[in-house]
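Protein chains: 2
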Amino acid sequence: MIRVGVNGYGTIGKRVADAVAAQPDMEVAGVAKTQPNFEAHTAVERGYPMYAAIPERAPLFSDAGIEIAGVVDELVADADVMVDATPSGIGAENRSLYASYDTPAIFQGGEDATVAETSFNARSNYDDAYGADTVRVVSCNTTGLSRVVAPLEEEYGVEKVRATLVRRGGDPSQNSRGPINDILPNPIEIPSHHGPDVKTIFPDLEIDTMGLKVPATLMHVHALNVTLESDVTAAHVRQLLDKQTRIYVIPEGMGLDGAGKLKDFALDAGRPRGDLWENCLWGESIATEGRDLYLFQAIHQESDVVPENVDAVRAVAEAADAETSIERTNETLGIGLSGDPSGFGDAQVEAEAADD
Amino acid sequence: MIRVGVNGYGTIGKRVADAVAAQPDMEVAGVAKTQPNFEAHTAVERGYPMYAAIPERAPLFSDAGIEIAGVVDELVADADVMVDATPSGIGAENRSLYASYDTPAIFQGGEDATVAETSFNARSNYDDAYGADTVRVVSCNTTGLSRVVAPLEEEYGVEKVRATLVRRGGDPSQNSRGPINDILPNPIEIPSHHGPDVKTIFPDLEIDTMGLKVPATLMHVHALNVTLESDVTAAHVRQLLDKQTRIYVIPEGMGLDGAGKLKDFALDAGRPRGDLWENCLWGESIATEGRDLYLFQAIHQESDVVPENVDAVRAVAEAADAETSIERTNETLGIGLSGDPSGFGDAQVEAEAADD
Chain A
1 MIRVGVNGYG TIGKRVADAV AAQPDMEVAG VAKTQPNFEA HTAVERGYPM
51 YAAIPERAPL FSDAGIEIAG VVDELVADAD VMVDATPSGI GAENRSLYAS
101 YDTPAIFQGG EDATVAETSF NARSNYDDAY GADTVRVVSC NTTGLSRVVA
151 PLEEEYGVEK VRATLVRRGG DPSQNSRGPI NDILPNPIEI PSHHGPDVKT
201 IFPDLEIDTM GLKVPATLMH VHALNVTLES DVTAAHVRQL LDKQTRIYVI
251 PEGMGLDGAG KLKDFALDAG RPRGDLWENC LWGESIATEG RDLYLFQAIH
301 QESDVVPENV DAVRAVAEAA DAETSIERTN ETLGIGLSGD PSGFGDAQVE
351 AEAADD
Chain B
1 MIRVGVNGYG TIGKRVADAV AAQPDMEVAG VAKTQPNFEA HTAVERGYPM
51 YAAIPERAPL FSDAGIEIAG VVDELVADAD VMVDATPSGI GAENRSLYAS
101 YDTPAIFQGG EDATVAETSF NARSNYDDAY GADTVRVVSC NTTGLSRVVA
151 PLEEEYGVEK VRATLVRRGG DPSQNSRGPI NDILPNPIEI PSHHGPDVKT
201 IFPDLEIDTM GLKVPATLMH VHALNVTLES DVTAAHVRQL LDKQTRIYVI
251 PEGMGLDGAG KLKDFALDAG RPRGDLWENC LWGESIATEG RDLYLFQAIH
301 QESDVVPENV DAVRAVAEAA DAETSIERTN ETLGIGLSGD PSGFGDAQVE
351 AEAADD
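Top to bottom, those sequences are chains A and B. Going by UniProt numbering, 241 is the number at position 241 of the first sequence; the sequence numbering is gapless. Going by UniProt numbering, 57 is the number at position 57 of the second sequence; the sequence numbering is gapless.
One chain only, chain A, in its complex shape:
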């Protein structure tokens, strides 16, 4: 069993902890938090040992009725692998802590690429992280782009990617963020940082990205153009993408016209928190015009990196090869039956039945 510590138990950390707990070859050594908020109480309910991320604040936890197992240093010393899910920039500050205990660490995409030996997307470059001491799981958008680029690059070759990222303004719980009634180029400068970030996974890729922010909270949407190295039909591309386990190719006729209905579908299916770990890619949007491929996909910013973190744990622990890890993660979470026209709803029901 790989003992995984999770430092930071917010949007990503709590999901990673639950996903780790669902793995047959992993256990949650503990989670570290800075404050005893509602999420801390849920962590305790779930039986995750709680550690104070800031030692001086340890008394706040006992004041709130939460018994802590210790401070974060003890968690780092105890864990085989640490997943750092702290806010952007804090991960880099924590780096020396993990190093001082020789505990391999996985960082999130909010950190600069320099925080780790390699950036990581399971589908694209799992082997680069194998046995590494530090790995950075790329951001939700970069993960979503990488999952599409990898098969296209392998199958057809990619001359250039041009992506417009229409990003949600904030997560549902980030109630102080905007915009409320505006469509903001963000950043106004082009290209946005997303293109260079994808290049941490595909160093030789030509990619230009444009980012915007809009008044929505549920998912990002990518308007993607890929100029391929060969002429292909939309049907051929669709077959290829259908085979990718972390891409859900939305079938026609399902009435899944946006993130609201996708979330409803996931919640109806009993998925934890209504999470959408896969790229949700509209099958009928796939179009080709000569060597130009176009498509729309929605990316659930709160959860698409979760299976990637699980795979990154196995990679740094040298516990499985890429194929084995991805398959195990998918199976335990209930990911990846996009070729099935009934979609991920049934996938989850089957996964739950298998758990009984």
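The reader is advised that the hints may include incorrect statements.
No copy labels: a pair is met if it fits in one copy or bridges any two.
Okay, derived cross-link-like pairs now, EDC-like style, lysine to aspartate or glutamate, Cα gap no bigger than 16 Å in a straight line [as the list claims (entries may be wrong)]: (1) Lys160 to Asp25; (2) Lys160 to Asp63; (3) Lys160 to Asp204; (4) Lys160 to Asp264; (5) Lys160 to Asp80; (6) Lys199 to Glu117; (7) Lys199 to Asp112; (8) Lys243 to Glu327; (9) Lys261 to Asp102; (10) Lys160 to Asp292.
If you are wondering where the hints come from, they were derived from the structure by calculation, not from laboratory data.
Start from chain A and add chain B according to the hints.
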């Protein structure tokens, strides 16, 4: 004086009527409405003769205290040119009415291109409409794209345009439209109809467009990629766009980060209804990567076609050549000092001072 009748006095019609009234060589022969709502009362206040668009409903106007000058047929008979600003699809139904009185008619972009002899954008193809009996002013988005494509095509040649149109869900007054918290590919199929519509102005242009709808009401935003036929610098493109009178190149340092502030700027400047007749194009977004040009622009869906309608009137009436008409329209409305870093705020103030 060209006597202009306006059939349909909603979002576009009321603005066109006001713009016509501001022209030294035009007058408003009258406006036709289907119902005596708030806009009808304002039209009466402004002194526009009111006609009942549906004869059977004429009594509703007198019930509402509005004296009508007659029914729409009489307006068509009296006017030199009709501007049809009725809802999409109704224009085509009105076509035979205008023809029966031999009154040249200008339709809006919501109609199919087949409604008229030519589609129209003043900057791009004014001469095609000269003396025509029927002209279709293309939609707000197509107008916005055409204004950018025309100078790029002339100066550099255009190999291909790829545009992602992040569209507002509805106008501020369309309170039953959505989405509320979603980012909808719309249409999901690619390409959207916008590309083919631009080709009604530039028949030989290669263009693919992708459309989305988001929870915003103020303006559309275009994320535009143009592959040019030659290598150019961003600075050179910016100089070129700065010279276009109906493109406001937003200067850095103005804090104009989105539609909300652009509207505030226009309202502060005293523009009628806070209208933004120009493409609002972020100067700092202009970027080139080899022959690939990228930029962001915001398009005010309620007003950017208004000066185009005014020019179309002069074209069908054979009242002025393109340069003269555009200059006259710009001067009377206060459009087009984008090369001036103080922006259109000062432009409007000067225009108003000149009116005194």
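Structure versus earlier hints, numbers of those that do not hold, lowest first: Going through the list in order, the structure violates hints 1, 2, 4, 5, 9 and respects the others.
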